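Student: Sequence:
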Amino acid sequence: MARKAILDTTLAKAVEPARKALLEITDDASIGEYIDAVNDGERLVTHRFEALLPGYEGWSWFATLTRVPRAQAKDLTVCEVGILPGEDALLAPAWVPWAERVRPEEMDAERRAAEEAAAAAEGTGVDADAEAHGASNPAAADGETPEGEQESAAAVDEATADVAAVESDADSK
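If you're matching positions, the sequence shown starts at 1 in our numbering and goes up one per residue.
There could be a bad hint or two in this list.
[What the hints assert, rightly or not] Pairs of lysine to any residue, SDA-like flavour, derived with a Cα cap of 20 Å:
{"#": "1", "residue 1": "Lys20", "residue 2": "Gly55"}
{"#": "2", "residue 1": "Lys4", "residue 2": "Thr66"}
{"#": "3", "residue 1": "Lys13", "residue 2": "Asp75"}
{"#": "4", "residue 1": "Lys20", "residue 2": "Thr46"}
{"#": "5", "residue 1": "Lys4", "residue 2": "Asp75"}
{"#": "6", "residue 1": "Lys20", "residue 2": "Leu91"}
{"#": "7", "residue 1": "Lys20", "residue 2": "Val78"}
{"#": "8", "residue 1": "Lys13", "residue 2": "Gly55"}
{"#": "9", "residue 1": "Lys20", "residue 2": "Lys4"}
{"#": "10", "residue 1": "Lys13", "residue 2": "Thr46"}
{"#": "11", "residue 1": "Lys4", "residue 2": "Thr46"}
{"#": "12", "residue 1": "Lys20", "residue 2": "Leu44"}
{"#": "13", "residue 1": "Lys4", "residue 2": "Leu23"}
{"#": "14", "residue 1": "Lys13", "residue 2": "Glu57"}
The hints are simulated quantities; they were obtained by calculation from the structure and are not laboratory data. In this text, all values refer to a predicted model and were calculated from it rather than measured experimentally.
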């Protein structure tokens, strides 16, 4: 059975060094009243201060200090500083995966809309995918390519030829 660490009184009294450490990450106006010292282990103490930042009600600043055995108070080491939420702190809700956030009625509505679109396309005798790709265009139905699409197709063919030429030159070197 592990023995419980005894609070290091030298570290517990080091409130001002803890406050000075916090001043490296925030300004003095955001650090409020001293809350307490928490024994985190052998020669390891965390000092907590009230956070006075707007929007951080219930949060506290912390500075964790340590020291080597039999060291004097001047030989303190700052391990970590930061801000943590307290029990009454306002926190963002826990993240929930999309599949768990979507309600069944939303899934049903989405499914119904897709089915209605498919039925509407079926009723007109037009394939929904073909319609989305311009097959409902009369010129495309006759095997002709509309004028604007001819220009686009020509540009794609030209770009493909340019890439092939560059690749061919690279392969021959």
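Student: All the hints need checking, so say for each whether the structure fits it.
Tutor: Consistency of the hints with the structure:
no.	hint	result
1	Lys20 <-> Gly55	violated, 23 Å
2	Lys4 <-> Thr66	holds, 17 Å
3	Lys13 <-> Asp75	holds, 13 Å
4	Lys20 <-> Thr46	holds, 14 Å
5	Lys4 <-> Asp75	violated, 24 Å
6	Lys20 <-> Leu91	violated, 27 Å
7	Lys20 <-> Val78	holds, 10 Å
8	Lys13 <-> Gly55	violated, 30 Å
9	Lys20 <-> Lys4	violated, 29 Å
10	Lys13 <-> Thr46	holds, 11 Å
11	Lys4 <-> Thr46	holds, 16 Å
12	Lys20 <-> Leu44	holds, 17 Å
13	Lys4 <-> Leu23	violated, 32 Å
14	Lys13 <-> Glu57	violated, 26 Å
Violation of the numbered hints given earlier is confined to hints 1, 5, 6, 8, 9, 13 and 14; the remaining hints are satisfied by the structure.
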